[in-house]
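The residues making up each chain are set out below.
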Amino acid sequence: MTETIQSRHIPASPEPDEAFPVIIRARDLCLHYGQSQALKSIGIDIRKNVVTAFIGPSGCGKSTLLRCLNRMNDLIDSVRITGLVEINGEDIYSPEVDLIELRRQVGMVFQRSNPFPKSIYENIAYALRLHGTRAKTELDEVIERSLRQAALWDEVKDRLHTSALGLSGGQQQRLCIARAIAIRPEIILMDEPASALDPLATARIEELILELKQQFTIVIVTHNMQQATRISDETAFFYLGNLVEFDKTSKIFTNPTNKQTEDYVTGRFG
Amino acid sequence: MGLKRGHRANPFEWIVERAIFLIATSAILMVFLIFLFVAREALPVFLGQTNSSLVQEVLPVAKMDTLSPAELQKYLGLTPKQFRELDRDAIQALMEVKLEGASELTKDKDAAVNTTQWRYMLLPHQWSDYDHPVFIWQPVSQIHKYNIIPLAIGSLKLTLVALLFSVPIALGAAIYVSQLAGNRARELLKPAIELLAGIPSVVLGFFSLIVLASFFQNLLGYQVRLNSFVAGIALGLAVIPVVFSIAEDALSSVPRSYTQAALALGSSRWQTAWQIVLPAALPGVFAAVVLGFGRAIGETMVVLMASGNASIVSWNIFDSTRSVTATIAAELAETVFGGHHYRILFMLGTLLFAVTFLSNLAANRIIRGLKSKMEGKR
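These protein sequences, in sequence, are chains A and B.
If you're matching positions, the first sequence starts at 47 in our numbering and goes up one per residue.
If you're matching positions, the second sequence starts at 930 in our numbering and goes up one per residue.
Keep in mind the hints are simulated off the structure, nothing from the lab.
Note that the coordinates shown come from a computational prediction; the quantities given were computed from them, not determined experimentally.
Take the hints with a grain of salt, since some may be wrong.
[To be verified] To give an idea of the interface, some chain B residues facing chain A are shown, with a C-beta separation under 10 Å as derived from the structure:
{"id": "1", "residue": "1119"}
{"id": "2", "residue": "1194"}
{"id": "3", "residue": "1209"}
Yeah, the Cβ is synthetic: ideal placement off N, Cα and C, and Gly gets one too.
Bound-form chain A, shown alone (with noise of 0.2 Å):
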């Protein structure tokens, strides 16, 4: 109960900023699987065009979060949730929402690069045609403008029509990103994008996301706090289900208000 309450207590947001409306609010969400609670009333504000880490340690709740914004969570039966969740001023709760619209406006990169074994084009294709793109002279057009702005174009337009599973892990990657952009998403959710990837894969990627940054508003999930403070403007600790502290990133990982996240961020817990 105590613990409800101190999350309560957390500003949802860091200062306002006209420059940067809020796009996703969360309040007081919840989630249970089965018996056990792993978020626990959170309210977090997350602005447009901002690139906003979650961290935390294994168990914290941060993917799980990440997962409510797209219904991932969904899938698996035994989960509860309850409280607000709303993108651009809709509660995506609601049950007149449409799953397959709120997907394409939120898409979402996993952990381990999972590219269909389907063909490179084929790949992209697919996400196109499920959103209604068939023209062939189209599907060209916007494949190869996403390949391009995931910086993969020159490595694989000689053989597009390749299987998309011969590609090396850090390319597999940069292609599940350009088949999530290719659909033209507001949000991009990236669940520990880089953490199978080499250092030069993982270099590539975060240079990647501040591209993107430009035109998505991204959140990401990552264990690597280097990672968080090269690419994020705004920074959420989350700790046993509550989110403990949210601010700039900068903010955080220098002069944190809380001792817990202080604890953190400076690798004396985690």
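Please arrange chain B on chain A, whose structure you already have, making use of the hints.
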């Protein structure tokens, strides 16, 4: 202390390991020996050493005394034991019968034909009393007609009906159970469908002979009650669990990450199952269908009971038909041991074995091709 091991770590483990190895290799040995036996019995047919021609050299009865007992026994086609039990009069009577039979037979031009040659077994032939060339399997008629085409058509027709009926149902069920069903439905459906495999095929045959045949006749109003449609459906019931359980395994082992990726892009569950999971599981699904084919073409009891067993050449699925397997089962017990009919039935068995083996081999290659294409190795 050096790194060298001075003794076996554990003699018990060593013995167990060897024993398991022996058991495993004995399985291969058994398959090989079975094939060897079947092929050996059929070998004279393949080598052209069998002869079913009825016209043989005949000897006048008077010749009886000049032949040695051994020659006489061979001439009359008797075993030494049978020969010893016969007295002089009986032998004389047999020789007369043989002479008479021969004079009867020479009137028929087909009597001289060795019907176990490949051209009589595979190509149509105009037998006497027929006005056009035909494919006929009549192994116990006066002239032994061994054309295997009616049986091959029967087997293929039955297998086709069975697969057309069972594969869509089995795959649909596999997709539903592995991709769309909730936990409770899955836990109920999967064992229930797999239980179908536990029905003895004789019970399935009995059921189709009594229940299905009448049901479909009333429903569709065709003339022949037992036909390849009824037998094919019954066969399909036996094939469904085979195809289902392998296809379901293949679909379930598609990585969850593909499903997640597809759903996160906004696919519905059905689109994910149909457009992502099924193509990814295609090698396994294909293997399931091939195994179903093997089961269908090799199944005997259901077919023997429900197909009507008429060895006629017809692609109409509402005609009675007879499969290779049912022929072997029905006729082998009545053949002369080592005779040409016996040999030809073994030849059919060898062919059946070869078809199944080759289809599995071909399927294996195709599956490997599909896999490597999917994984970008080619």
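Right, here's what the structure says about each hint:
1. 1119: 17 Å, violated
2. 1194: Since the shortest Cβ distance to chain A is 5 Å, the answer is holds.
3. 1209: 5 Å, holds
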